Amino acid sequence: MKILVCITHVPDTTSRIAFTDGNTKFDKNGIQFIIGPYDDYALARAVELKEQHGGSITAINVGEAETEPTIRKALAIGADEAIRVNAHPEDAIFVAKQIASVAKGGDYDLILMGRESIDFNGGQVHGMVGEILGIPSISPVMKLDIEGNTAKVTREIEGGKEYLEIEMPFIAGCQEPIAEWKIPNMRGIMSARTKPLNVIDPTGDNPMNVVEVFEMPPAKSGVKLVEPDNLEELVKLLKTEAKVI
Amino acid sequence: MSVLVFAELEEGQVKKSSLEAVSYSLALGGEVSVIAFGTMDDSAIAELGKAGATKVLKVTDAKLAENNIMAYSSAVAEAMEKEGADFLVLAKSSLGDPISARVAIKVGAALGSNVVDLPDTSSGFKVKSSIYTGKAYAVSELKGDKKILVLKKNAAEIKEDGGAPAVEEFTPATKDEDFKAKVTSTDKATGDVLLPEADIVVSGGRGLKGPENWGMIEELAKELGAATGCSKPVSDMDWRPHHEHVGQTGIKVSPSLYIAVGISGAIQHLAGVNSSKYILVINKDPEAPFFKAADYGVVGDAFDVVPKLTEAIKAQRS
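Chains as they are written, first to last, in numbering that gives the first Met the number 0: chain A, 0 to 244; chain B, 0 to 317.
Hint data in this document are derived by calculation from the structure and do not stem from the laboratory.
All values derive from a computational prediction rather than experimental measurement.
Honestly, I wouldn't trust all of these hints.
Here are the simulated SDA-like cross-link-like pairs (lysine to any residue), alpha carbons at most 25 Å apart as the crow flies [what the hints assert, rightly or not]:
| id | chain 1 | residue 1 | chain 2 | residue 2 |
| --- | --- | --- | --- | --- |
| 1 | B | Lys-187 | A | Asp-144 |
| 2 | B | Lys-105 | B | Gly-162 |
| 3 | B | Lys-283 | A | Gly-221 |
| 4 | B | Lys-307 | A | Leu-236 |
Partial chain A-side listing against chain B, Cβ under 10 Å, derived [as the list claims (entries may be wrong)]:
| id | residue |
| --- | --- |
| 5 | Lys-49 |
| 6 | Glu-50 |
| 7 | Gln-51 |
| 8 | Gly-121 |
| 9 | Val-124 |
| 10 | Pro-139 |
| 11 | Glu-155 |
| 12 | Leu-163 |
| 13 | Glu-164 |
| 14 | Ile-165 |
| 15 | Glu-166 |
| 16 | Ile-199 |
| 17 | Val-210 |
| 18 | Pro-227 |
| 19 | Lys-235 |
| 20 | Leu-237 |
The C-beta atom is built at its ideal place from N, Cα and C for all residues, glycine as well.
Kindly produce the complete structure, drawing on both the sequences and the hints.
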């Protein structure tokens with residue numbers, strides 16, 4: 000089984016977000032970058048599927064040279080080889096076209112990625128890649144088991160779950176509890192140094208969603224504390240000041 | 000100008016987030032058509048009209064009764080073409096996300112996700128989106144003749160002054176290759192207010208000590224017509240189901256009021272709730288970081304405060 004796992008290179012979940020250059024650029028100062036937490040689930044499940052069914056895992060990232068340590072981490076966790084499309088990931092359509100272009104030549108049985116990247120939270124790339132390739136996309140996937148050529152998939156929906164059956168090839172956007180995150184061991188870290196990481200040029204596609212400026216949410220004016228024995232006052236504030244109940 | 004809205008139904012009624020999408024589209028200007036799959040009550044059609052729809056395309060084809068993302072996407076693209084719509088507007092959801100993505104490729108549209116406000120059209124077409132899980136916004140230009148806007152909850156107020164819409168049965172051309180993924184069954188809580196749809200959310204954390212203590216959270220939620228949520232540790236320990244987990248790696252909510260009970264306020268939890276209009280925090284630890292992100296706070300024991308708060312709300316109603 001050939002699996003393609005798409006990896007984002009994103010700020011750690013505890014990062015304080017700030018911008019520079021007149022709010023036009025993300026401030027990388029002091030930020031630790033990680034494999035997107037949802038992509039980490041996708042990669043972990045890919046490693047488990049390979050253990051069960053054999054095959055190979057290719058990790059792909061659309062990013063500039065700075066993302067290579069993140070890609071090496073994916074190799075240390077268990078990807079056999081990696082591809083970096085040498086371009087800034089401009090928007091979902093741009094990224095989807097890069098991934099689809101690689102996938103077209105690769106004959107992958109399964110394409111796994113996170114349900115969304117944690118920087119732009121669009122949750123769009125899996126659907127776009129699926130549409131370009133003409134194959135189904137399922138997200139967010141909580142469980143994915145393969146038997147023969149058929150997969151049984153559990154998808155989270157509002158207020159519950161949906162169970163699906165689907166033949167490969169298809170794309171899944173993953174989330175917990177599909178697998179446990181894997182921490183690279185020493186052997187994995189050593190072998191990752193010599194695994195192939197191929198850098199390729201992007202396709203000529205243009206982004207269609209171009210960020211002009213970033214904004215921070217307005218700061219909270221400070222909490223109004225109400226005594227626990229004066230909850231009538233709290234109800235009054237919620238009703239007349241906030242007008243939410 | 001013509002706008003198509005993909006509306007989601009829940010037990011014959013239109014989801015609130017879809018009504019928001021209709022009123023948002025009305026404010027964009029132009030004619031607003033709606034496409035909806037499944038059986039719809041007459042009152043639902045009236046609601047769509049009040050919110051701003053002038054036309055409703057009803058898809059009741061039995062082949063499309065179950066959620067089918069590929070077939071729905073093909074039908075939405077076909078309806079856009081049929082209505083001459085340059086815009087598709089829909090609410091962010093487990094259906095809205097994949098349909099918008101596939102239709103964007105099908106029709107070659109630019110797409111903005113997590114849109115929080117009406118566009119700025121003074122030069123170009125600029126939308127404001129929530130990014131970094133609610134920690135910031137991006138203002139971006141959508142290029143291209145066709146545009147798809149995926150709205151975050153509360154991006155628009157639901158209007159109620161529209162007239163009755165024209166209703167048309169729409170039978171999309173279905174293709175075999177759109178039926179590759181089959182939904183075999185669904186498992187869904189009924190009767191509860193859905194978390195992403197709710198105007199008020201009451202969430203509990205580890206401070207509640209165990210799943211047996213959720214009764215008071217549910218009672219407060221019931222009194223307020225609210226949905227219940229929880230923090231990540233609570234869902235990890237299986238005290239509550241995963242679809243109630245609010246936060247960075249769970250559901251992101253933007254209700255009018257978020258009530259956090261016994262949740263300390265880790266940055267990953269705050270990321271899922273920080274676009275709520277108002278936040279009320281109940282915690283016995285005055286140093287809990289959540290108070291810094293809150294509008295209202297009560298420092299006190301949840302087991303004492305929550306039942307009393309429910310009573311106080313009841314008393315004020317009567």
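Do the hints match the structure? See the list:
1. Between Lys-187/B and Asp-144/A, the direct Cα distance comes to roughly 21 Å. Compliance with the 25 Å bound is thereby established for this hinted pair.
2. Of the supplied pair hints, the one linking Lys-105/B and Gly-162/B is violated, its CA atoms being roughly 32 Å apart against a limit of 25 Å.
3. At most 25 Å may separate the alpha-carbon atoms for a hinted pair to count; Lys-283/B and Gly-221/A meet this at roughly 18 Å.
4. This hinted pair checks out: Lys-307/B and Leu-236/A have alpha carbons roughly 16 Å apart, not beyond 25 Å.
5. Interface restraint check for Lys-49/A: the shortest CB-CB distance to chain B comes to about 23 Å, outside 10 Å, so the restraint is violated.
6. The criterion of a C-beta within 10 Å of any C-beta in chain B is not met by Glu-50/A, whose closest approach is roughly 24 Å, and the hint is violated.
7. Interface hint status for Gln-51/A: violated, as the beta-carbon distance to the closest one in chain B is roughly 22 Å, over 10 Å.
8. Below 10 Å, beta-carbon pairs count as interface contacts, and Gly-121/A has one with chain B at about 4 Å; its hint therefore holds.
9. For Val-124/A, the interface hint holds, since its Cβ comes within 10 Å of a Cβ in chain B; the closest pair sits about 7 Å apart.
10. With its C-beta approaching chain B no nearer than about 7 Å, Pro-139/A sits inside the 10 Å limit, and its interface hint holds.
11. Because the beta carbon of Glu-155/A sits about 6 Å from the nearest beta carbon in chain B, less than 10 Å, this interface hint is met.
12. Interface hint at Leu-163/A: satisfied, since its Cβ lies 5 Å from the closest Cβ of chain B, which is below the 10 Å cut-off.
13. Taken as an interface hint, Glu-164/A checks out: its beta carbon lies about 5 Å from the nearest beta carbon of chain B, inside 10 Å.
14. With its C-beta approaching chain B no nearer than about 4 Å, Ile-165/A sits inside the 10 Å limit, and its interface hint holds.
15. Given the 10 Å rule on beta carbons, the hint for Glu-166/A holds: about 7 Å separates it from the nearest Cβ of chain B.
16. Given hint, Ile-199/A at the interface with chain B, is violated; its Cβ is 22 Å from that chain's nearest Cβ, farther than 10 Å.
17. The beta carbon of Val-210/A is positioned within 10 Å of a beta carbon in chain B (closest approach about 4 Å), and the interface hint is therefore held.
18. Because the beta carbon of Pro-227/A sits about 3 Å from the nearest beta carbon in chain B, less than 10 Å, this interface hint is met.
19. Of the supplied interface hints, the one on Lys-235/A holds, with its beta-carbon coming within about 8 Å of a beta-carbon of chain B, less than 10 Å.
20. For Leu-237/A, the interface hint holds, since its Cβ comes within 10 Å of a Cβ in chain B; the closest pair sits about 7 Å apart.
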